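**Q** Residue numbers (the numbering used here): 351 to 567.
Some hints could be false.
[To be verified] Cross-link-like lysine-lysine pairs, in silico, DSS-like; alpha carbons within 30 Å at most:
1. K501 x K533
2. K511 x K527
3. K488 x K539
4. K547 x K533
[Claimed, not checked] Between beta-carbon pairs, the in silico distance windows are:
5. E525 x P447: 40 to 46 Å
6. N428 x D497: 49 to 55 Å
7. Q395 x G443: 22 to 28 Å
8. N442 x A536: 55 to 61 Å
9. I508 x G438: 22 to 28 Å
Keep in mind the hints are simulated off the structure, nothing from the lab. It should be emphasised that the depicted structure is a prediction, and the values quoted were computed from it without experimental measurement. In this text, a Cβ means the ideal position worked out from N, Cα and C, and glycines have one as well.
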Amino acid sequence: MQLFRPESLGQRLIGIQVGTVVDNKDPEGLYRVQVRFVRPSGDVQSAWARVRTLMAGKEMGFACLPEKEDEVLLRFVNGNPDLPVVVGGVHNGKSKPPFDNADGNNDERIFYSRSGHHLVANDKNGGEHITVESKGGKTKVELLSKDKAIKLTASKDIVLKVGGTLKVEAGADMELKASASCKQMASSKLELKSDGKVDVKGSAGVSLKGPKLDFSA
Numbered sequence: 351m352q353l354f355r356p357e358s359l360g361q362r363l364i365g366i367q368v369g370t371v372v373d374n375k376d377p378e379g380l381y382r383v384q385v386r387f388v389r390p391s392g393d394v395q396s397a398w399a400r401v402r403t404l405m406a407g408k409e410m411g412f413a414c415l416p417e418k419e420d421e422v423l424l425r426f427v428n429g430n431p432d433l434p435v436v437v438g439g440v441h442n443g444k445s446k447p448p449f450d451n452a453d454g455n456n457d458e459r460i461f462y463s464r465s466g467h468h469l470v471a472n473d474k475n476g477g478e479h480i481t482v483e484s485k486g487g488k489t490k491v492e493l494l495s496k497d498k499a500i501k502l503t504a505s506k507d508i509v510l511k512v513g514g515t516l517k518v519e520a521g522a523d524m525e526l527k528a529s530a531s532c533k534q535m536a537s538s539k540l541e542l543k544s545d546g547k548v549d550v551k552g553s554a555g556v557s558l559k560g561p562k563l564d565f566s567a
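Given only the sequences and the hints, what does the whole structure look like? Please build it.
**A** Here's what the structure looks like:
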């Protein structure tokens, strides 16, 4: 495969070229790709092409590099074949989109990664929600507009870790339920307080242990 170069200084490539990504490991680490596209002389390979993104700045921006074999749209700065830029990507019959809009309502906006992690914003009337889901759906975060709720789902563990104070406040009821054991531990002091009644129940018994137990009414 030849590296495409103009035959003369006057040659320019105007408009959009449709091509296929053949390499995305930029030797200079500039997040570029090389693209194979068709010219009258046959298949040619571009110079390393920068990739258009939603935002780009010094060590900041949106990073989403095309995969090898992805079909992309290629343009050239001022028509110069040595200055290619990938301006977008397109699906095709082989690389189909993750959402087909079969009902014609166009309700979903989707970002899908190669392995299946995805972010979905659904605008269906009455069922609006945002979902962040990992591969296979084992872990999921849902923001439910109609229910005004946030739902966390994990097939194994959910861990919250903070360096300061963790506060949980409910406007109505709060319920903690475990199929096995439920523990509350504190290195210094553990306080249970209610403005109303406190009930402590155990179907197999209640055990209180300590070097000193104080009870007052």
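**Q** Next step is simple, just say for each hint if it's right about the structure.
**A** Structure-based check of all given hints:
no.: 1; hint: K501 x K533; in the structure: 23 Å, holds
no.: 2; hint: K511 x K527; in the structure: 20 Å, holds
no.: 3; hint: K488 x K539; in the structure: 36 Å, violated
no.: 4; hint: K547 x K533; in the structure: 21 Å, holds
no.: 5; hint: E525 x P447: 40 to 46 Å; in the structure: 41 Å, holds
no.: 6; hint: N428 x D497: 49 to 55 Å; in the structure: 53 Å, holds
no.: 7; hint: Q395 x G443: 22 to 28 Å; in the structure: 24 Å, holds
no.: 8; hint: N442 x A536: 55 to 61 Å; in the structure: 59 Å, holds
no.: 9; hint: I508 x G438: 22 to 28 Å; in the structure: 38 Å, violated
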